[in-house]
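> Just need the whole structure built from these sequences, with the hints factored in.
Protein chains: 2
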Amino acid sequence: MPAALQSFDDSADPARVAPHLKLLRSAMAEAGVDAFLIPRADAHRGEMVPPGDERLAWATGFTGSAGIGVVSAGAAALFVDGRYHLQAPLETDTGLVDVIPQPPGKPSAWLKEHLTAPARVGYDPWLHTPAERRRLNKSLERTGLDLVAIDNPLDAVWADRPPPPATPVEVLDLARAGQSATEKLEAVADQIRRAPADALVLSVPESICWLFNIRGRDVAHTPITLAYAIVHADGRAEIFLNPLKLTDELRAALGDAPALRPSEELADALQTLGEQGAGVWIDPESSPAAIADLLTGAGATLVERRDPVLLPKSKKNPVEIAGMREAHRVDAVAVARFLAWVDAEAPKGELTEIDLVEQLEATRRRANSFLDTSFDTIAGAGPNGAIVHYRVTRSSNRRIAPGELVLVDSGGHYRQGTTDITRTVATGPATDTQRDAFTRVLKGMICLTTIRFPAGTSGQELDPLARQYLWRAGMDYGHGTGHGVGAYLSVHEGPCSISRRPSAVLEPGMVLSNEPGFYAEGEFGIRTENLMVVAEDGEGTDGKPWLSFETLTLAPIDVRLIDRGQLTDAELDWLNAYHARVFEEIGPLLEPPDRAWLEAATKPL
Amino acid sequence: MPAALQSFDDSADPARVAPHLKLLRSAMAEAGVDAFLIPRADAHRGEMVPPGDERLAWATGFTGSAGIGVVSAGAAALFVDGRYHLQAPLETDTGLVDVIPQPPGKPSAWLKEHLTAPARVGYDPWLHTPAERRRLNKSLERTGLDLVAIDNPLDAVWADRPPPPATPVEVLDLARAGQSATEKLEAVADQIRRAPADALVLSVPESICWLFNIRGRDVAHTPITLAYAIVHADGRAEIFLNPLKLTDELRAALGDAPALRPSEELADALQTLGEQGAGVWIDPESSPAAIADLLTGAGATLVERRDPVLLPKSKKNPVEIAGMREAHRVDAVAVARFLAWVDAEAPKGELTEIDLVEQLEATRRRANSFLDTSFDTIAGAGPNGAIVHYRVTRSSNRRIAPGELVLVDSGGHYRQGTTDITRTVATGPATDTQRDAFTRVLKGMICLTTIRFPAGTSGQELDPLARQYLWRAGMDYGHGTGHGVGAYLSVHEGPCSISRRPSAVLEPGMVLSNEPGFYAEGEFGIRTENLMVVAEDGEGTDGKPWLSFETLTLAPIDVRLIDRGQLTDAELDWLNAYHARVFEEIGPLLEPPDRAWLEAATKPL
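Heads up: the sequence lines are chains H and R, in that order. For the first sequence, our numbering assigns the number 1 to the initial residue and increments by one for each residue that follows. For the second sequence, our numbering assigns the number 1 to the initial residue and increments by one for each residue that follows.
In case anyone wonders, no lab produced these hints; they're calculated from the structure. Watch out, some of these pointers could steer you wrong.
Listed below are the simulated DSS-like cross-link pairs for lysine-lysine, each with C-alpha atoms no more than 25 Å apart in a straight line [unchecked claim]:
1) Lys-544/H - Lys-315/H
2) Lys-106/H - Lys-544/R
3) Lys-184/R - Lys-315/R
4) Lys-112/H - Lys-22/H
5) Lys-544/R - Lys-544/H
6) Lys-315/R - Lys-544/R
If we take Cβ atoms under 8 Å as the criterion, some of the chain R residues that face chain H in the derived model are [as the list claims (entries may be wrong)]:
7) Phe-453
8) Asp-476
9) Trp-546
10) Thr-568
By construction, the Cβ of each residue, glycine as well, lies at the ideal position given by its N, Cα and C atoms.
Printed below as a string of structure tokens:
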């Protein structure tokens with residue numbers, strides 16, 4: 001069931017903001033609140049949310065993947081991070097909504113400024129976590145502003161709100177999952193007993209999908225089914241989801257391990273846990289506050305700890321790793337065909353960014369195992385390449401002038417696994433500045449690719465290795481070096497990452513991206529990204545285990561952008577060996593013209 | 001007033017442990033406690049403590065700089081970190097005291113195992129901080145073991161306990177301090193007002209010495225005077241210290257800024273703050289719990305925050321930086337003379353480690369401005385070089401066989417500033433393994449020396465840059481890469497460091513060591529250490545400030561230990577330029593024979 005083609009609509013319509021805010025304010029008045037919070041979030045904390053949860057877009061027009069709106073009777077604000085400072089003002093009605101960068105802006109500061117105490121600040125407890133609520137409560141202490149949980153007033157006035165998605169559940173057999181749900185459940189139950197707790201409530205679909213070896217198509221670009229689950233200390237489990245998602249065949253495939261219950265029964269189940277006086281494990285950073293409230297209201301004790309599925313899910317088992325390798329081979333065929341096409345077409349000066357996106361998706365679709373892109377393709381030419389999270393629309397679409405750098409960041413979900421790759425290519429002679437930047441980025445990426453490190457090292461510790469060559473020239477990039485990647489799950493996955501922020505210790509089987517970059521605003525953008533899997537790599541001289549990375553991604557790096565003089569012999573050896581591997585593994589899978597292109601693109605330097 | 005020569009005595013005497021424990025246990029019985037905690041600490045949290053505060057050594061024989069003893073009626077344990085796993089069992093009576101590595105060992109676990117609830121665990125509140133006490137209380141929650149503050153029973157039975165030191169206070173004039181105490185006080189008072197608090201209690205001598213531009217000789221190797229101080233929000237200040245430390249001349253030099261009061265009046269002053277209902281700032285990680293208790297007992301409210309002097313003290317002002325540069329030039333003359341002597345004498349096969357320590361100290365003493373070594377010199381030959389915190393004693397002293405590597409880590413306090421330098425030298429042909437390790441260490445040290453980085457970067461982020469070349473070969477070192485260094489103050493100073501642990505953001509004027517190493521147990525040790533000062537270094541391409549390091553230390557690195565083929569051109573250029581600078585700055589200060597040696601040692605490679 002292929003997803004829809006990427007949309008290039010300028011979906012924002014600032015004209016809708018005024019009537020929507022008016023409706024919302026009438027519902028807020030009815031609910032008796034002086035302000036209302038609208039996070040860009042659903043109850044499942046997903047990066048992708050279904051259309052019926054795009055409340056922030058409905059209220060403010062803003063379609064980005066993160067942000068929070070605050071609406072009072074007389075004012076409204078939209079808080080967005082650095083990725084969206086340019087986009088948000090174009091999408092909302094700036095006459096009615098103040099766009100505020102966060103940081104340094106904070107909704108609590110705005111509330112203190114715009115409300116007169118005493119006042120009531122409404123929020124939907126399904127859309128905030130207990131941790132978020134605690135932080136907000138703390139920042140409103142002694143201000144006379146009270147946080148009040150209410151039924152969502154926006155939902156009450158959103159006339160044509162899309163219904164929740166109900167796509168069929170997909171069940172992974174052992175040959176794809178590599179470990180049975182029963183085995184995974186037993187390990188989680190063991191953690192529950194040791195916490196100690198009586199039960200665990202899960203609300204993040206990626207955790208539930210991994211635990212029960214299921215998937216779904218409820219949202220774009222992330223193969224999940226939206227559900228809740230309860231796991232008991234004795235290993236019993238219940239999944240709460242829309243029964244329409246399950247055929248009898250799927251029920252049979254799922255077996256007896258989990259009881260399947262309609263979503264509506266979740267509240268009853270939480271009530272029962274409460275009546276038993278159970279100790280219930282929830283993750284305060286991802287669980288809806290509403291679940292915490294239902295539990296404590298019914299008499300349960302909360303055990304607040306990190307979701308116990310996050311870590312085992314991130315450590316891919318051998319079957320998952322083999323699947324990721326295979327997905328990358330399949331993806332590499334599409335990427336090689338695409339890059340060959342760009343090389344042939346771009347110099348003619350007719351291609352646009354939308355052409356790139358469409359061609360790449362069409363090329364990926366030729367693979368039988370392709371299911372969806374893993375995110376909207378970022379294809380930025382010239383100055384658009386410098387916009388880190390650029391998504392081309394009909395109005396931003398740019399014709400690629402020969403000689404411009406083109407940055408393409410894309411990925412796919414295949415039956416076997418998930419990919420994410422960025423390549424930056426030249427469409428004509430590059431400037432010395434561009435080659436210098438490209439080479440510094442490449443040196444950082446090679447350094448991180450080839451590093452060995454003692455077990456116990458976190459991704460945070462490795463991050464500066466990728467930045468060091470840029471730093472020496474006063475250059476840097478304003479994003480992390482790498483993120484965790486799920487196996488046929490979310491393309492962004494914790495708890496590991498390679499960034500300046502604290503992150504998990506790296507363990508064998510974790511899959512991460514390696515994607516340093518450099519962005520010259522208004523001129524060009526450069527990013528080179530491979531996925532890598534953490535692997536055991538013998539012992540150090542201290543007899544302790546050492547780790548390193550195995551590269552999964554197999555696509556040529558544009559050697560026309562390399563300043564050869566900057567590379568050490570070891571870096572050059574790596575590049576040539578990598579290119580030899582790319583041609584050896586992917587060449588035989590290509591038709592002769594593309595194979596000839598790949599052979600030339602991977603020639604030793 | 002030069003300090004005494006380094007002692008080479010094996011000061012430990014396990015035979016004294018039995019009678020001392022017996023005395024202690026009788027005092028514990030009298031105090032009504034079932035166990036007593038003996039941290040290696042004084043009330044001022046110094047790395048160096050005066051002889052009368054060496055309680056842990058008195059009770060257990062252990063003379064290391066960190067550890068904690070726990071004594072019950074029938075058992076005793078000594079918890080020590082990795083530096084002391086070998087030394088502690090040699091110094092204590094292992095028939096009476098269990099030596100336990102910490103981590104993973106923990107006094108709380110030992111107490112739970114060895115006491116029968118209900119039981120009382122005594123501690124001296126002057127020797128533990130509020131934060132330590134909270135952690136200990138938390139780990140003993142619901143065990144029936146109660147922490148009880150008591151007058152120190154060990155002090156009651158320590159017959160010949162040395163009296164507290166009372167060396168004269170030294171007052172730094174503006175030409176040495178670079179900023180007046182009045183100006184510093186005003187800045188601290190401003191922080192107190194903004195906290196908000198009414199007063200600040202300081203108990204760390206380094207903070208007090210920096211704030212009031214004073215020094216002292218109360219402990220070895222750290223030029224501090226032991227004192228307490230109170231700073232009020234209006235800028236008034238009181239110093240509490242032994243009046244014998246002050247002459248009338250010194251009183252005059254100190255001026256009116258601080259009131260000078262005898263130590264005995266501290267409790268009264270805290271009582272007064274309490275009676276005023278003051279909000280009093282203490283650092284819960286360094287203040288004695290006794291001070292917190294006196295304050296709250298008298299009615300004060302605690303404002304628990306980090307010592308506000310730590311950060312400004314670490315950012316040396318231009319006068320301090322100039323002083324540090326000058327101290328390093330003076331020190332470099334001694335180091336060059338010493339290294340020339342080692343080169344001439346070591347191949348004869350007669351030198352011992354003690355000879356090295358004595359020669360180096362004697363050479364440093366030739367400088368008029370020399371005041372003390374900044375720590376006991378570490379001089380390890382062959383396998384002793386692999387013991388990271390090795391201090392030679394008459395029984396461990398080793399004759400240096402020609403061909404062994406010799407590691408010498410040492411430093412001095414001069415009137416102008418403080419130094420800390422490590423060099424590893426060959427006394428004959430080195431093995432390929434040794435040269436490989438030396439070169440990897442050097443590459444890491446050069447990488448860290450030459451890095452530029454954006455303002456806002458912490459030392460933690462830079463640490464892996466120094467390890468990367470070792471890591472690739474499965475090698476590492478079990479200590480931080482660098483520590484902060486005081487200006488004519490403690491050679492180990494926070495809040496900055498370069499290590500795998502979280503540390504402060506680096507700011508201009510901070511002085512840090514850069515000392516990667518490698519240790520082959522039972523064979524050899526390698527460490528190369530320079531001090532560096534953080535300096536502004538223009539802007540990045542983003543228009544934001546960039547920083548880099550200026551090297552302070554000026555001594556040749558033994559090129560006979562370098563595997564030339566491993567160095568990049570840029571690394572070689574750095575080494576040659578550094579050596580040229582060393583000869584240019586230090587050569588003219590040496591007599592002809594030593595100058596000739598330095599010229600040869602710094603010849604371009």
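> Of the numbered hints stated previously, which ones are contradicted by the structure, given in increasing order?
5
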